[in-house]
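Peer 1: Taken in order, these protein sequences are the chains called A and B.
The opening position of the first sequence corresponds to residue 1364 in the working numbering, with each subsequent residue numbered one higher.
The opening position of the second sequence corresponds to residue 500 in the working numbering, with each subsequent residue numbered one higher.
Warning: the hint list may mix true and false statements.
Once the Cα atoms are required to be at most 25 Å apart in a straight line, the calculated BS3-like pairs of lysine-lysine come out as [claimed, not checked]: (1) A/Lys1474 with B/Lys739; (2) B/Lys669 with A/Lys1474; (3) B/Lys515 with B/Lys548; (4) B/Lys667 with A/Lys1477.
Computed beta-carbon distance windows for the label pairs [unchecked claim]: (5) A/Ala1379 with B/Ser519: 52 to 62 Å; (6) B/Gly751 with A/Gly1381: 20 to 30 Å; (7) B/Thr614 with A/Asn1430: 54 to 64 Å; (8) B/Gln752 with A/Gly1381: 25 to 35 Å; (9) A/Ala1379 with B/Pro520: 55 to 65 Å; (10) B/Phe686 with A/Lys1465: 32 to 42 Å; (11) B/Arg610 with A/Ala1379: 26 to 36 Å; (12) B/Glu679 with A/Trp1454: 51 to 61 Å; (13) B/Ser519 with A/Asn1430: 35 to 45 Å; (14) A/Gly1381 with B/Thr614: 35 to 45 Å; (15) B/Asn516 with A/Gly1407: 57 to 67 Å; (16) A/Ser1480 with B/Arg610: 28 to 38 Å.
It is worth saying that the hints were derived from the structure and are not from the lab.
Beta carbons: idealized from backbone N, C-alpha and C, even for Gly.
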Amino acid sequence: MPFKKFVEIGRVAYIADGPCQGKIAAIVNVIDQNKVLIDGPTSGVSRQAYPLKQMHLTNLSVKFPFNASTKVVRKELEANKVDEKWADSAWCQRIKAKAVRKSMTDFDRFKLRKAKSQRNRIVTIALNGKKKALRKAGKI
Amino acid sequence: LHCLIHFIKRRMGKNKNKGSPRNYSLASGVARFSRASMFHKKAVYKFLKKKAPAKKTEKKAVFVEKKIGGAKNGGTRMVRVRKLPNDYPTAVKTAKRPNRSCQKSHPPKLRSSITPGVVAIVLAGVHKGKHVLVLKQLASGLLLITGPMSLNGCPLRRINQRFIIATKTKVDVSSVKVPENINDAYFARVKAENVKKDGVFADNKKQKYTPSDERKKDQGEVDKQVLAAISKNPEGAMLKKYLASVFRLQKGQFPHQMVF
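Assemble the whole structure, with the sequences as input and the hints as a guide.
Peer 2: Structure follows, in structure tokens:
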């Protein structure tokens, strides 16, 4: 299977580990096999070297020359609305949902359980009603 | 004037030791000046306080003269004021270990997560798994909990903080007044007397516990207030269902990863 996301200048990556965990940043330059220079002025990541192992590449990328200053990087990120695109992405929303799920208290879990069973009951009743009608009509 | 100053400074000799302490230790490890020399150099005599005169203590009498009465009447004898000890132990007495009753000075510390009105999960005992309401900490350090009884069958009870998990769910129980008589003595177990009747020990079978009328009355009174407090809570209806429910672990749930 061909690779689709590459480590390139302007690639936006999600930082999964380390001090900047949870934020996104753009790759400004490649230092060596394992490290890249990243900068995320719009997401609160200061310009720094970061290990590639602690980053996950996203499908977002912007165009700026290598070693571009933070001002240029910021301009490009804002022009391409990277922060909004990231927030709308399923990946980001999944991360947020996981965080909410992890921070649920026992009472929250109880309420969720009750809500789920209520919803399932409604669905089952509706489904069974439809099944009954179809059976009567000889369709099943 | 300049000549005079020059003359005095010449007489005093150059200070070759500028910057380092006066009484530095020599290469041999000995101090440069002796204690006596330093006493004079620093003029310590100027700063010594006058010695207070020694207090005159009254010498206590060791012997006392006493008259001899009885058979050997007449004359006196010398008697010790404080008698010599009659017993000289051969072994050293081991000091008694200090009594570990620091609990008497204050009730045991309560986990910060446990406050009055917190919903807790009971982990052991007859009521394990139940969600109960913590009312207060008693003098002995044990917690006073209640189901409430009508929701989950747990009565007014004492429990150690070690046997509960305090959840983050709280109910405002400031309006609940627990009667003064509900304390440790109220809950203390009544020991059945093992009385010898006609030379034979009474057949004390374990009596099945039946709650006294007093307990039932107090339970009703406290629970009424507690249920009112729960109803006042915006999530009151759900909370009542929650207190009636039982806690269990599902697949994929690990207590150390859960927030309670």
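Peer 1: Quick one: which hint numbers does this structure break? Sort them smallest to largest.
Peer 2: Of the numbered hints given earlier, those the structure breaks are 3, 13, listed in rising order.
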